[in-house]
Amino acid sequence: MQYKSQAVAKPYFIAAIGLFVGQILFGLILGAQYVLGDFLFPAIPFNVARMVHTNLLIVWLLFGFMGGAYFMIPEEAETELFSPKLALLMFWIFLVAGAATIVGYLAVPYATLAELTGNDLLETMGREFLEQPLPTKIGIVVVALVFLFNITMTVLKGKKTAIATVLLIGLWGLAVFFLFSFYNPVNVVLDKFFWWWTVHLWVEGVWELILGSFLAFVLIKTTGVDREVIEKWLYVIVTLTLITGLIGMGHHYFWIGTPEYWQWWGSIFSALEPIPFFAMTVFAFNMVNRRRREHPNRAAVLWALGVGVMAFLGAGVWGFLHTLAPVNYYTHGSQITAAHGHMSFYGAYAMLVMMMISYAMPILNGKAANSNKSQVVEMWAFWLMTIAMVFITLFLTAAGILQVWLQRVSDSPLPFMVVQEKIAIFYWAREISGVFFLIGLILYITSFFIGGDKKETA
Amino acid sequence: MMNALKNPANRAWVVLIIATLITWYLGEVGAAGTAAIVAMLVIAFIKGRLVILDFMELRNAPTMWRMLLEGWLILVSSLILLAYWISLK
Amino acid sequence: MASTTSAPEEAPHSKRLPGDLAIWIFILAEMLAFAVFFSAYAFARAGNAEMFNLYQQTLNRNAGALNTLLLITGSWFVVLAVQAAHRDDNKGVSRNVALGILCGAAFLAVKVFEYAEKFGAGISLSTNTFYMFYISLTFFHFMHVILGMVILTAIWLQARKGAYTSQNSHGLESGAAYWHMVDLLWIILFPLVYVMR
Numbered sequence: 001m002q003y004k005s006q007a008v009a010k011p012y013f014i015a016a017i018g019l020f021v022g023q024i025l026f027g028l029i030l031g032a033q034y035v036l037g038d039f040l041f042p043a044i045p046f047n048v049a050r051m052v053h054t055n056l057l058i059v060w061l062l063f064g065f066m067g068g069a070y071f072m073i074p075e076e077a078e079t080e081l082f083s084p085k086l087a088l089l090m091f092w093i094f095l096v097a098g099a100a101t102i103v104g105y106l107a108v109p110y111a112t113l114a115e116l117t118g119n120d121l122l123e124t125m126g127r128e129f130l131e132q133p134l135p136t137k138i139g140i141v142v143v144a145l146v147f148l149f150n151i152t153m154t155v156l157k158g159k160k161t162a163i164a165t166v167l168l169i170g171l172w173g174l175a176v177f178f179l180f181s182f183y184n185p186v187n188v189v190l191d192k193f194f195w196w197w198t199v200h201l202w203v204e205g206v207w208e209l210i211l212g213s214f215l216a217f218v219l220i221k222t223t224g225v226d227r228e229v230i231e232k233w234l235y236v237i238v239t240l241t242l243i244t245g246l247i248g249m250g251h252h253y254f255w256i257g258t259p260e261y262w263q264w265w266g267s268i269f270s271a272l273e274p275i276p277f278f279a280m281t282v283f284a285f286n287m288v289n290r291r292r293r294e295h296p297n298r299a300a301v302l303w304a305l306g307v308g309v310m311a312f313l314g315a316g317v318w319g320f321l322h323t324l325a326p327v328n329y330y331t332h333g334s335q336i337t338a339a340h341g342h343m344s345f346y347g348a349y350a351m352l353v354m355m356m357i358s359y360a361m362p363i364l365n366g367k368a369a370n371s372n373k374s375q376v377v378e379m380w381a382f383w384l385m386t387i388a389m390v391f392i393t394l395f396l397t398a399a400g401i402l403q404v405w406l407q408r409v410s411d412s413p414l415p416f417m418v419v420q421e422k423i424a425i426f427y428w429a430r431e432i433s434g435v436f437f438l439i440g441l442i443l444y445i446t447s448f449f450i451g452g453d454k455k456e457t458a
Numbered sequence: 001m002m003n004a005l006k007n008p009a010n011r012a013w014v015v016l017i018i019a020t021l022i023t024w025y026l027g028e029v030g031a032a033g034t035a036a037i038v039a040m041l042v043i044a045f046i047k048g049r050l051v052i053l054d055f056m057e058l059r060n061a062p063t064m065w066r067m068l069l070e071g072w073l074i075l076v077s078s079l080i081l082l083a084y085w086i087s088l089k
Numbered sequence: 001m002a003s004t005t006s007a008p009e010e011a012p013h014s015k016r017l018p019g020d021l022a023i024w025i026f027i028l029a030e031m032l033a034f035a036v037f038f039s040a041y042a043f044a045r046a047g048n049a050e051m052f053n054l055y056q057q058t059l060n061r062n063a064g065a066l067n068t069l070l071l072i073t074g075s076w077f078v079v080l081a082v083q084a085a086h087r088d089d090n091k092g093v094s095r096n097v098a099l100g101i102l103c104g105a106a107f108l109a110v111k112v113f114e115y116a117e118k119f120g121a122g123i124s125l126s127t128n129t130f131y132m133f134y135i136s137l138t139f140f141h142f143m144h145v146i147l148g149m150v151i152l153t154a155i156w157l158q159a160r161k162g163a164y165t166s167q168n169s170h171g172l173e174s175g176a177a178y179w180h181m182v183d184l185l186w187i188i189l190f191p192l193v194y195v196m197r
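Residue numbers (my numbering), protein chains in the order written: chain U, 1 to 458; chain X, 1 to 89; chain Y, 1 to 197.
Certain hints may be false.
No more than 16 Å apart at the CA atoms, straight line, and that leaves these computed lysine to aspartate or glutamate pairs for EDC-like [what the hints assert, rightly or not]:
#	chain 1	residue 1	chain 2	residue 2
1	U	Lys-232	Y	Asp-20
2	Y	Lys-161	Y	Asp-89
3	X	Lys-89	Y	Glu-50
4	U	Lys-157	U	Glu-80
5	U	Lys-160	U	Glu-80
The set of hints was computed from the structure by calculation and includes no laboratory data.
Make a model of the complete structure from these sequences and hints.
This is the structure we're talking about:
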């Protein structure tokens, strides 16, 4: 570890992995509820389990991003963090707020939670992915701003590299677009319109900048390729991301009451969204092939290559499948969307955070890489989780195609619940893949405790 | 004058200007239908190729890059031609 | 087809891609975007040719042609700037880049008048499919002209410091390639949207 203050990243990473486990457990509960409708009812109804599953995902990724930024920024800026104490304080605030929110979801009915947390003062609850009670939302803003202040000050007093700048733009964008979660117009069209300004502009906009920046950082460190070469690629990827991602938002505006031209704009620009992901794949493989040295941390390199491939497949290819308006007319809100959601979040962001953890954790523990034995287990975990996710995606895609066919395209369309029964076999297969994913995740956690001198990781 | 025309960029500029005026003229006289469409596409193709070879200076670039750009031009012109052919049916 | 020009005047040198690889990747992605847009226009028109032909008549063809001339000339100045750099003619570089920027500015001015006329007549993206494409395509291109001018301005500032020489013209060539792409796209766009029917 080059800078002492990088150590604050460690609790963030540990919390991220812990919440990740929670997310997967709730994913398994949800998967079971698809086929056994009253599973765990009334203790954990479907809507609550879904909310916990998606909210935990967002929160653990945010922990991962923050941890990654705290680890990366001092090294890029070549100076200690502006305030490590502030970073630790924010960690506890964020963790407690996050945990309290989840407990709230599980302990009381959602409507009661809304009442208790002052949703009457400013109505922000009840919207998919942005279900958090008002105090939590305000907490996220405070934590994000303090975090941004901390790393921005660090960059300002140190070196300003392109990689750090891209990360800062991404993180500031993340904070700014979250503000739209407070804007909740009565008009349903406007409501949906601006809801996407948080949801889409996060995952298909500013988060991709974070992705590009983290990937570039780890590639520089592990391959030894010249910074100028990597930065040039980063510029190209960032520009392509912004052009396709910003206007590509139109693919969410097809059927919500917006003008017709969005069908063209959305179709054309979002059809191009795979390009930056493809560029990222080419970038990752190109840099690894041109490597100037063999980094002892082979697991981190594997994660980096994995991000490139899986982000392109999940976000790029699976997104393109149903992004054109004439196709989306039939597939909108079907299991195809779920398939795309699973593989893109895993491929682009879950793997990204695990890449960062894989690279940073050994260094935080005072060594360049984990022992060979530990890395072998980690790579097994990589393959197990990744292949399980591929199967989850394939089964959901099959379910989705069948669903669209039986329920929407067919001359004699069947009712929703009848179709759900007919595709149950795919839900079972998905659930089994999910169990393998969990085994992969357990293996991943186990890898932290194997070999090496220090074992206090978790 | 002849000296100036030795520069391929200058020659390309002259051809591009004349070609633009021809397209404009075709529009002014209300040219339409198969012959007009093909003529305008051919003119656009020649113009595009001049820009690629003499302005972007890809005449002496690695073959792959020349092919990529010229291929783009061929692809776009063919697709447009196909679509217009469909519309005339 | 383009046999009007022969080999360049300088002695043939080894095969070389002018400018930076990254800018060419970027140019290709941009051209792919426009290819999709052009095809979308052409095929949308195929389903509704009469309507497209009717409203195409309302466009200002003279403005479109004038803009073509401006972009071609702007591109030509930038080629001359690159040639000047290869001759180590510092003044020539900055003068020609400045002239290129001026052509871009004139293009924007013409376009603004054209838009003012159309928008003044109450035409919007929602008027009909033809105008939707006309506005989207030309506006998307408009933004590219602006980006091209920003790049050229950055180059001009460098050029005035004498940054581009026969030894180091990489940055200039990269910016020039982008500017020519803006030209190339308009060369397809003008006949497609303004004239062909």
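Verification of the hints:
1. Distance check on the hinted pair: Lys-232(U) and Asp-20(Y) sit about 9 Å apart at the alpha-carbon level, within 16 Å; holds.
2. At most 16 Å may separate the alpha-carbon atoms for a hinted pair to count; Lys-161(Y) and Asp-89(Y) meet this at roughly 12 Å.
3. A hinted pair counts as satisfied when its Cα atoms are at most 16 Å apart, and Lys-89(X) with Glu-50(Y) qualifies at roughly 13 Å.
4. Distance hint between Lys-157(U) and Glu-80(U) is fulfilled; the C-alpha atoms sit about 9 Å from each other, no more than 16 Å.
5. Taking the CA atoms of Lys-160(U) and Glu-80(U), the gap is near 14 Å; set against the 16 Å cutoff, the hint holds.
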